[in-house]
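Student: What follows is the residue order along each chain.
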Amino acid sequence: MSTEQISDDAPLRTRRDDKSGDLAFVGRSVTINRPRAELFAYWRDFQNLPMFMENVEKMEFTGSDRAVWTIKAPVGTKVEIETEITEVVEDSSISWRSTEGSQIKTEGRVSFTDAPGDRGTIVSADIGYTPPAGDLGRAVAKLFMAEPNIQARHELKRFKMLMETGEITTPINHR
Amino acid sequence: MRALTWHGNGDVRVDTVPDPEIINPRDAVIRVTSTAICGSDLHLYDGVIPGMKQGDILGHQFMGVVEDVGAKSTLKVGQRVVVPFTISCGRCFFCEQQQFSACDNGNPVENQDASEKLYGHAMGGAFGYSHLTGGYPGGQAEYVRVPYSDVGPIVVPDGLDDEQVLFLSDILPTGWMAAENADITPGDTVAVWGCGPVGLFCVQSAVLMGAAQVIAIDHHPHRLELAARFGAKTINFDETHVGEALMEMTGGIGPDAVIDAVGMEAHGWAPDNVLDVVKQKIGMGADRGHALRQALLAVRKGGRVSIPGVYGGMLDKWPLGAMMEKGLELRSGQTHVQRYTQDLLRRIEEGEIDTTFLISHRLSLEEAPTGYKNFRDKQNEWTKVVLRPN
Ligand SMILES: NC(=O)c1ccc[n+]([C@@H]2O[C@H](COP(=O)([O-])OP(=O)(O)OC[C@H]3O[C@@H](n4cnc5c(N)ncnc54)[C@H](O)[C@@H]3O)[C@@H](O)[C@H]2O)c1
Ligand SMILES: [Zn+2]
Ligand SMILES: [Zn+2]
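Chains as they are written, first to last, in my numbering: chain A, 1 to 175; chain B, 1 to 390.
Because the hints were derived from the structure by calculation, they are not lab data. Quick caveat: nothing in here was measured; it's all calculated off a predicted structure. Careful, some of the hints might be misleading.
Claimed, not checked - Under the rule of at most 35 Å between Cα atoms (straight-line distance), these lysine-lysine pairs were calculated in the DSBU-like manner: (1) B:K279 to B:K301; (2) B:K53 to B:K233; (3) A:K19 to A:K72; (4) B:K72 to B:K117; (5) B:K233 to B:K317; (6) B:K373 to B:K281; (7) B:K53 to A:K58; (8) A:K58 to A:K105; (9) B:K326 to B:K233; (10) B:K317 to B:K301; (11) B:K76 to B:K233; (12) B:K72 to B:K53; (13) A:K72 to B:K117; (14) B:K373 to B:K117; (15) A:K78 to B:K117; (16) B:K72 to A:K58; (17) B:K117 to B:K233; (18) B:K53 to A:K78; (19) B:K53 to B:K76; (20) B:K301 to B:K326; (21) A:K105 to B:K233; (22) B:K373 to B:K301; (23) A:K19 to B:K72; (24) B:K301 to A:K72; (25) A:K105 to A:K78; (26) B:K117 to B:K279; (27) B:K279 to B:K233; (28) B:K53 to B:K281; (29) B:K326 to A:K72; (30) A:K58 to B:K117.
Claimed, not checked - One-sided and incomplete, this derived list gives chain A residues near chain B with beta-carbon spacing under 7 Å: (31) S29; (32) N33; (33) E90; (34) R119; (35) I122; (36) S124; (37) H154; (38) E164; (39) N173.
Where a beta carbon is used, it is the ideal one built from N, C-alpha and C, also for glycine.
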């Protein structure tokens, strides 16, 4: 991710120019009223991720730190992304990127820091994606990545609900 | 089951819909024995709150008997409970601060987007109150699913009737919190706009908190009469210049605190209100702030402004100058119901608070549409409607 010199402290994802290389960055922070180590451990066990990533249909490990994600996209389509973990800092961050030849190019990081004032843990996601352009990947990118920002926001909020309350609230009255 | 559903402006119907089921571990399902129509429901009925969908089940003041529980509910089947209208998780930062209506986890994730745009932050969850606050089916029904049932519901002690405790769900804590937000100290004069159920509980609470003088403002003689029962002086705004009267009734000082228990559908033919009515009708997301404007001008220098009345969008001609130049303090909010229920339950048990005086009509669930119509159109006589679904 970007290490370019910038003139304020705001995260890249909030900047008017949110590009780093050929990726644009989006993301979100939530503060979760739980200890950092607990949240990190839950996330690090990737089998847990579909619990709050509702559009992840399936995740299969293709190596110890490689996985293929099958993601539901609108109008009944699916996309597959293969990712590899690039860095894990215990109790603090997990970074990943898509492997060479994956359908979609993406990279990202989720980081866990202690919130000030005993409010628990700040969990931030930074997700880089290729903004849709006029090539083959365009349709796919549009379907899957049209609003990665909304997706990140929803996933982090669901993660927060699950960690704080043990469930994800819903207005649905029937299964 | 049968349930009161929303179909458009002025169009509510009793429909047959599927019974609710336990979905999450902390859920309970309640068989509703009593449920009331709120002034807030009228804002939905009149279509001035966004985010409604056809078929939405209304109702956020309800109580009943526990019918079914999820694995993590602390309730027991057969218990009688009153349910707060606010859906609060009890675990997040806001719940820990007792700011229950601001709960981060009460509003389903997808439904948080709209209010995040509209208000800068996602709203909490509430029963039967538009998709902005979650799209949860409400309690004007035979059954209702109650999320986080280990946090909200109040188990009713034996010997108390439904009608004595039903309003713990909403309007009693709302009146109480509004009075608390007015920071009343003995000797104060408190003026309350609106003698609907909320305003009437504001009056009662302000008296209990030691106000020397409470002045109630409305234009329905019977509603004013109910306020007078608790010792309030009254002003009928159809007959009297409210601002002048408040100055003269406070020795030229103005009320120390003012409470707006009217909200976004103020009545009256004052020019600012007529303009607001037009904007609201043409769907500009506008609020009608006539009562609030009047309150801001009437309150004394350095006074307090408490706003339990609901506003949903934008308000023009906000007298910001009055706020700044007079150094006013302002507090508002959806009620943090769970913060007040135990204390208020005790006050009801000890006979300190009268919770039944305002009920004018008791109807079956099937008669709910009539209840809506009359609670809106015959406000003088229809002061509070309680429905009995089972
Ligand atoms: N903050 C909360 O959590 C909360 C909870 C419940 C209700 N509310 C809100 O409180 C408000 C009142 O609820 P209610 O059930 O008492 O409603 P209601 O409609 O029965 O009462 C409103 C009263 O205000 C009077 N009024 C209208 N215009 C006025 C004016 N210009 N000056 C003085 N009085 C005027 C009406 O005549 C009526 O008697 C509503 O906006 C409702 O949405 C807020
Ligand atoms: Zn209400
Ligand atoms: Zn909460």
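Student: Determine for every hint whether it applies to the structure shown.
Tutor: Results for each hint:
Restraint check for B:K279 and B:K301: satisfied, since their Cα atoms lie roughly 31 Å apart, inside the 35 Å limit. Annotation: proposed proximity of B:K53 to B:K233 is violated, straight-line Cα distance about 42 Å (limit 35 Å). A hinted pair counts as satisfied when its Cα atoms are at most 35 Å apart, and A:K19 with A:K72 qualifies at roughly 26 Å. Under the criterion of a C-alpha separation no larger than 35 Å, the hint pairing B:K72 with B:K117 is consistent with the structure, at around 34 Å.
Of the pairs offered as hints, the one joining B:K233 and B:K317 holds, with about 29 Å between alpha carbons and a cut-off of 35 Å not exceeded. For the given pair, B:K373 sits about 19 Å from B:K281 by alpha-carbon distance, which is consistent with the 35 Å threshold. Of the pairs offered as hints, the one joining B:K53 and A:K58 holds, with about 33 Å between alpha carbons and a cut-off of 35 Å not exceeded. Annotation: proposed proximity of A:K58 to A:K105 holds, straight-line Cα distance about 19 Å (limit 35 Å).
Between B:K326 and B:K233 the alpha-carbon distance is near 25 Å, which keeps this suggested pair within the 35 Å criterion. This hinted pair checks out: B:K317 and B:K301 have alpha carbons roughly 20 Å apart, not beyond 35 Å. This hinted pair does not check out: B:K76 and B:K233 have alpha carbons roughly 46 Å apart, beyond 35 Å. Pair hint B:K72 plus B:K53 holds up; C-alpha atoms about 31 Å apart against a cutoff of 35 Å.
In summary, the hint linking A:K72 to B:K117 is supported, as the alpha carbons are separated by about 26 Å, within the 35 Å threshold. A C-alpha spacing of about 33 Å is found between B:K373 and B:K117, which places the hinted pair at or below 35 Å, so the restraint holds. Distance check on the hinted pair: A:K78 and B:K117 sit about 29 Å apart at the alpha-carbon level, within 35 Å; holds. With a C-alpha separation of about 28 Å, the suggested pairing of B:K72 with A:K58 holds against the 35 Å cut-off.
In summary, the hint linking B:K117 to B:K233 is not supported, as the alpha carbons are separated by about 42 Å, beyond the 35 Å threshold. Between B:K53 and A:K78 the alpha-carbon distance is near 30 Å, which keeps this suggested pair within the 35 Å criterion. Pair hint B:K53 plus B:K76 holds up; C-alpha atoms about 33 Å apart against a cutoff of 35 Å. Between B:K301 and B:K326 the CA atoms are separated by roughly 5 Å; this keeps the pair inside 35 Å, and the hint holds.
For the hint pairing A:K105 with B:K233, the CA-to-CA distance comes to about 71 Å; that exceeds 35 Å, so the pair is violated. The hinted pair formed by B:K373 and B:K301 fails the criterion: a straight-line CA distance of about 40 Å is larger than 35 Å. Between the alpha carbons of A:K19 and B:K72 the distance comes to roughly 46 Å, so the proposed pair goes past 35 Å and is violated. A threshold of 35 Å between alpha carbons decides the hint, and for B:K301 with A:K72 the separation of about 59 Å lies outside it, so the pair is violated.
For a cut-off of 35 Å, the pair hint linking A:K105 to A:K78 stands: about 16 Å separates their Cα positions. Only pairs whose Cα atoms come within 35 Å are accepted, and B:K117 paired with B:K279 is accepted, the gap being roughly 21 Å. About 34 Å separates the Cα atoms of B:K279 and B:K233, which keeps this hinted pair within 35 Å; it holds. At roughly 18 Å between alpha-carbon atoms, B:K53 and B:K281 fall within 35 Å of each other, so this suggested pair holds.
Under the criterion of a C-alpha separation no larger than 35 Å, the hint pairing B:K326 with A:K72 is inconsistent with the structure, at around 57 Å. Distance restraint check for A:K58 and B:K117: the Cα-Cα separation of roughly 32 Å lies within the 35 Å cut-off, and the hinted pair is therefore satisfied. At about 13 Å, the closest approach between the beta carbon of A:S29 and any beta carbon in chain B exceeds 7 Å, and the interface hint on this residue is violated. A distance limit of 7 Å between C-beta atoms decides the matter here; for A:N33 the minimum to chain B is near 6 Å, and the interface restraint holds.
Checking A:E90 against chain B by beta carbon gives a least distance of about 26 Å; that is not within 7 Å, so the hint is violated. A least Cβ separation of about 6 Å between A:R119 and chain B falls short of the 7 Å threshold, and the interface hint therefore holds. Taking 7 Å as the C-beta contact cut-off toward chain B, the hint placing A:I122 at the interface is violated, the least distance being around 12 Å. The criterion of a C-beta within 7 Å of any C-beta in chain B is not met by A:S124, whose closest approach is roughly 16 Å, and the hint is violated.
For the restraint placing A:H154 at the interface with chain B, the shortest Cβ-Cβ distance is roughly 5 Å, inside the 7 Å limit, so the hint holds. With its C-beta approaching chain B no nearer than about 5 Å, A:E164 sits inside the 7 Å limit, and its interface hint holds. A distance limit of 7 Å between C-beta atoms decides the matter here; for A:N173 the minimum to chain B is near 4 Å, and the interface restraint holds.
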